[in-house]
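Read off the chains here:
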Amino acid sequence: MINPDTTYHVMGLTRYVDDRDFPARGLHCVVFFSPLARGKIRDVDTSAARDVPGVAFILTAKDIPGVNQIGGIIPDEVLLAEDEVVFVGMPVAAVYAWTEEAAREAVGLIKIDIAQEIPVLDPREAYNRNELIAPVRTFTLGDVEEAIASAAYVAKGRVESGAQEHFYLEGQVTVATPSEEGNLHLSSGTQAPTSVQRCVAKVCGLAMNRIEVDVRRLGGAFGGKEVQANTWACFAALGAQKSGVPCRMVLRRSDDMLATGKRHPYSSDFTLALDGEGNFLAFKVMYYQNAGAAADLSTSILERTLFHATGSYYVPNVHATAASCRTNITPNTAFRGFGGPQGMFVFESAIREASRISGIRVETLQRKNLLKTGDFFAYGMAAENAQAQHCWDRAYDHYDLPKRMGAIDAAQRAEKASGQVSRYGKGYALMPVCFGISFTTIFLNQARAHIHVYTDGSVGVSTGAVEMGQGVNHKIREIVVNSLGIAPGQVKLESTNTTRVSNTSPTAASSGTDLNGAAALMACEMIKARLFKFMAEEYQCTSEDFFLKKGRLYKAGKACGVAWEDLVIQAYGSRVQLSAEAHYATPDLFFDTSIEKGRPFAYHTYGTAYFEAEVDRLLGTYRIEKAYVVHDLGRSINPLIDLGQVEGGMVQGIGWMTMEEMRYAETGRPLTATAGTYKMPDISSVPLDMQVKFLEDDYNDRAVKGSKAVGEPPFMYGIGAFFAIKMAAGCETPSYCAPMTPERLFGELRGMV
Amino acid sequence: MKKRCRFILNDKEMEFSLSQGRSVLDLLRKDLRLYGTKEGCREGECGACTVILGRNPSVAYRPMPSCLMSAGQLNNTHLVTIEGLQGERPNRLQQAFINQGATQCGFCTPGFIMSLTGYLLEGRTVTLQEAVDALDGNLCRCTGYGSIRRVVAETVTPLLGTVPSLQELIELDLIPAYFAGIPQRLTTLRCKSLSDSPDLTFDRSEKNRLLIAGGTDLYVQRGDALNKSAPRFLIPESEPIRVTDGMIEIPASATMEQMRRDPHLIDQFPGWHEKLRVLASHILRNRATLGGNLVNASPIADGAVLLLALDAQIQLVSSQGFRRRLSLRAFFLGYKELDLKNDELVESLWVTKQDGPQLWNYAKVSKRERLDIASCNSAAVFKVNNGSFTFVGLALGGVAPIPFTARRTMAWLREKPLTMETFLGSLEVLQEEISPIDDVRGSADYKRRLASALMADHYLHCFSDICSYNDFVKEEAL
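So the protein lines, in turn, are chains B and Y.
The C-terminal position of the first sequence is numbered 752 in numbering that gives the first Met the number 0, with every residue numbered one higher than the one before it.
The C-terminal position of the second sequence is numbered 477 in numbering that gives the first Met the number 0, with every residue numbered one higher than the one before it.
Derived from the structure by calculation, the hints contain no laboratory data.
None of these values were measured; they are calculated from a predicted model.
Among the clues, some could well be false.
With a straight-line cut-off of 27 Å between C-alpha atoms, the simulated DSSO-like cross-links for lysine-lysine are [to be verified]:
| id | chain 1 | residue 1 | chain 2 | residue 2 |
| --- | --- | --- | --- | --- |
| 1 | Y | K29 | B | K625 |
| 2 | B | K241 | Y | K473 |
| 3 | B | K110 | Y | K227 |
| 4 | B | K415 | Y | K274 |
| 5 | B | K371 | B | K692 |
| 6 | B | K692 | B | K704 |
| 7 | Y | K29 | B | K425 |
| 8 | B | K425 | Y | K227 |
Selected chain B positions facing chain Y (Cβ under 10 Å, derived; list incomplete) [stated by the list, open to error]:
| id | residue |
| --- | --- |
| 9 | V249 |
| 10 | K549 |
| 11 | D697 |
So the derived label-pair ranges between C-beta atoms look like this [as the list claims (entries may be wrong)]:
| id | chain 1 | residue 1 | chain 2 | residue 2 | range |
| --- | --- | --- | --- | --- | --- |
| 12 | Y | T156 | B | T541 | 52 to 62 Å |
| 13 | B | Y423 | Y | T243 | 38 to 48 Å |
| 14 | B | H397 | Y | S463 | 52 to 62 Å |
| 15 | B | E580 | Y | G122 | 55 to 65 Å |
| 16 | Y | G122 | B | D20 | 32 to 42 Å |
The beta carbon of each residue, even a glycine, is placed where N, CA and C say it ideally should be.
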């Protein structure tokens, strides 16, 4: 079934928030950002800005009618700076004008006087100064010290991974429109409508029921519009509230990259102990997360790093500690994988270091220690229906990996034997992924769906899921179509709206379809049950024998059925309720943070990726040539959408590990916060030969229709690209520092690091 | 200052007054409320705002980013947006995007469709490689490009090896039927508006007004100011590259793509066409001019580095009509400082026409191969006689405040024998004359050593029978 949204996309007919006519009597907001990373504000001079023709008003912290506080988990983030600035790009004043040009001109005339202080940029330094977002957390399993004492090999090292810009193609956006009662309607580019509603209500000093948030679709998000959308929605809302006219807040790319949070950089120390055969005995790790200037979702992200500390492997003794460190860069935020990638990169680095000191092949170490059903994670949950080995072995078979790896190994041996170094080197790496599915904040694992069947048989579906390109609306459409046995054209997916579906969880954690699809299915079942009961009374029979198929209601054993439309109109005439709201909460989840044990995930998703890279050792450039994946999807609801998620996620992961580099000056000013300086993969830099195979024989009884969540897990395949490059370079430096930009690779090749 | 402007937008003749410097993106979205063209970055980096521009009669259609185009340059053109491809249902290319799942969030999709359609309209022989390359200026954050590659393969297959005509593209359901009538309509439009064709050529009496050609640097640097301005224009790709008096004359308005495809340059410099693929992106090369590249005076300018190695001459013309020609090597005086008077413009570049293919090489290292500013780039031209160098042209970007001509290395190499010893010696001389600095494109140390690596790349490329990578490693020269 083809996703009908795509037709509008290709014809340029899709309307994003800023693609609607905005009234001339409406205000445009442009924000003035702190130019410095840390200091006390002495003065903000907006006088010249106010004089720009077309400027309506300028808001600073003291003008906020409600509470100047947008922190979610921890209330530690102001919307507008009060007496201090804590990062470059922190909003200080919001200019509202009748044209965007006037607002932008005015912003250029605002002057700020700051008593500058030395910023903290390094998370380890922040840790040493006890600048922590929250108390340090530790997950333990077994006895690490004892295991290390008995080990044949003990690998130790340090791992660094960098920030990553989301680079959603549609920037942050909200248009706020006031009603005559002073209520606010927000058309917002957010993954979390309820979060926007709550945040705007607080800042505007209004009850939540006076804020309506409507989300039709997003032009990409990847986690970057989960919490980070709140700020810009607040600015739009404040302008509309104060003026009584519509207010448009659209972040230009350069402002967006400067002011919004990124993926968290991590600095980590590991110890991995193994026995003489290469069995992992113990893993000890300390993560220093660079949270930026405020909590945002940092503590949840840190928690997921701990959950994924040992990646796709079983380690009997684990001691994993994580600190969320407060620094003076943008508050970092959710990004596909949500801390999992940072943790898995550390573990994969530890495996390479273990291989280096033990001489045991990396793939031997990986395969030997892959998770099996029944193996315990450090957080007290056992792996169920583990597919780690299955995916790995299928990849070996399906892609003929022993032969491919053998050829590259042979070439490397021949090169060594000849004593001649060749300019171009090839390398490979396998990357197994195991990713836990569910929000690790248990209460978020709930969703609601609201389904209306109209009297002509057409159906409207509202859920809490936000469509951002991942195809969640279409997957839910498929679920509804299959459940009601009607044509796809009869099912319309409504916008996500807080007045139709309240208290929504963010569309995040890969859970959109799992939660909202399950709720939609329940709502369909409720409506079906009523219809069947009604027909059973009509026919004087039991309702169990009815089923809906191809637009008709059938009764077992009867040849011809009743048309869906007739059924609906008859039921309506008999006053049967044709709408349903269903609530789904993922069962069996619990977690006790006092002992850091529980069952935080409904299930795990597995997969294995194989990469081949070629390095030009002269110039330090590289090319990822092949990416072969075996991925476990359970039973796919829509294989075309899922293929796109796997390829797209993997390429984002490759970008994070290779060319995508956020650099900051010593002053804390970001140096690569423009489209011209921050480079993400383009069509010519991705693997030419990219193949994805789904595991056909798995069925997942812990998600809707036997499927598995697909958004985040493929991202972490990208880690394999890093190690393929490292092998191709042929430099055995024990350095594990991402991204592997050409500059870094050049440095490694020349022994400059 | 507003001026009248006449052009065909999709299927409709347009005539209205507008600010000449207003970006076409803002014209489309804000003034005309055509929302299919998306704003992604306003830097020409993402391609979400790609449109197709057609000019009669000599130049075919070109896809380019509308955020870097001036509305004032639209006179007498056919401007095509995604709305202009539209029939009742998706066309063949659009259907392929749907079938392959090559659109997810959809925001970048119109840009991709415009770039590929524009490529097919360029009047050039279609190849699969070039069709994929035509999308190297379009970013997609969702799909990972696998599905988009499959779309390209599926769509261009019937056109491979051909130069598609408008009629063929219409028959294949890749463009709407009204395209067939556009050449005639453009001719009519041109006749009607001849008396009112502002800024098609530069008016030298208005010497204080800014001159915009491709706008690929200017709109990035000061787009907001330009939006309200009334600049003068130099139309990209409005003049041919030709051979005059034994020289290849490249007009300042030549685009990077025009230069990349010039048959004289391709004949003279084997691999020219392939190597210049790493300059910007397809849609930007259709826009960026050589003159602009030189005048922007970036120390890392790809075009400057190429032409310095080729020992090109630059011809300037003053508002009084006085012309002077000087060696390009003398044109760059210091950081962003040129031998160019206030009332002078760059008119053309001149490269000596040689008999037969030359020994040359161009190499560039950047974070991303396409559409990225180099950490270092370098071009070299060698002339050899009896086993010795008789002439060397060598230029590097990113190692000095200006696009750098390695004069000392060039002089040192002259008359030296073609040996590994010479090669190694030249690296030492080169190291003495460069002075890279730390910046966002790389550390000074990195660029210093990269310069040697690029020089080695020149030798390995041109003299593979004399040296090998292993030789350089063995001598610890890198």
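Tested hints:
Taking the CA atoms of Y/K29 and B/K625, the gap is about 43 Å. The hint is violated against a cut of 27 Å. In summary, the hint linking B/K241 to Y/K473 is not supported, as the alpha carbons are separated by about 72 Å, beyond the 27 Å threshold. With a CA separation close to 24 Å, the supplied pair B/K110 and Y/K227 stays within the 27 Å bound. Note on B/K415 and Y/K274: the hinted pairing is violated, with a Cα-Cα distance of about 32 Å set against a maximum of 27 Å.
Taking the CA atoms of B/K371 and B/K692, the gap is about 21 Å. The hint holds against a cut of 27 Å. Annotation: proposed proximity of B/K692 to B/K704 holds, straight-line Cα distance about 20 Å (limit 27 Å). Distance hint between Y/K29 and B/K425 is unfulfilled; the C-alpha atoms sit about 50 Å from each other, more than 27 Å. Of the pairs offered as hints, the one joining B/K425 and Y/K227 is violated, with about 53 Å between alpha carbons and a cut-off of 27 Å exceeded.
Evaluation of the B/V249 hint against chain Y yields a held restraint, the C-beta minimum of about 8 Å falling below 10 Å. With its C-beta approaching chain Y no nearer than about 24 Å, B/K549 sits outside the 10 Å limit, and its interface hint is violated. A distance limit of 10 Å between C-beta atoms decides the matter here; for B/D697 the minimum to chain Y is near 22 Å, and the interface restraint is violated. Between Y/T156 and B/T541, the C-beta spacing of about 57 Å keeps the proposed range 52 to 62 Å intact.
A hinted range of 38 to 48 Å for the beta carbons of B/Y423 and Y/T243 is consistent with their spacing of about 42 Å. A hinted range of 52 to 62 Å is violated for the C-beta pair B/H397 and Y/S463, which are about 39 Å apart. Between B/E580 and Y/G122 the C-beta distance comes to about 58 Å, which sits within the given range of 55 to 65 Å. In this structure the supplied range 32 to 42 Å holds for Y/G122 paired with B/D20, their Cβ-Cβ distance being about 37 Å.
In the structure shown, a violation is registered for the earlier hints numbered 1, 2, 4, 7, 8, 10, 11 and 14, in ascending order.
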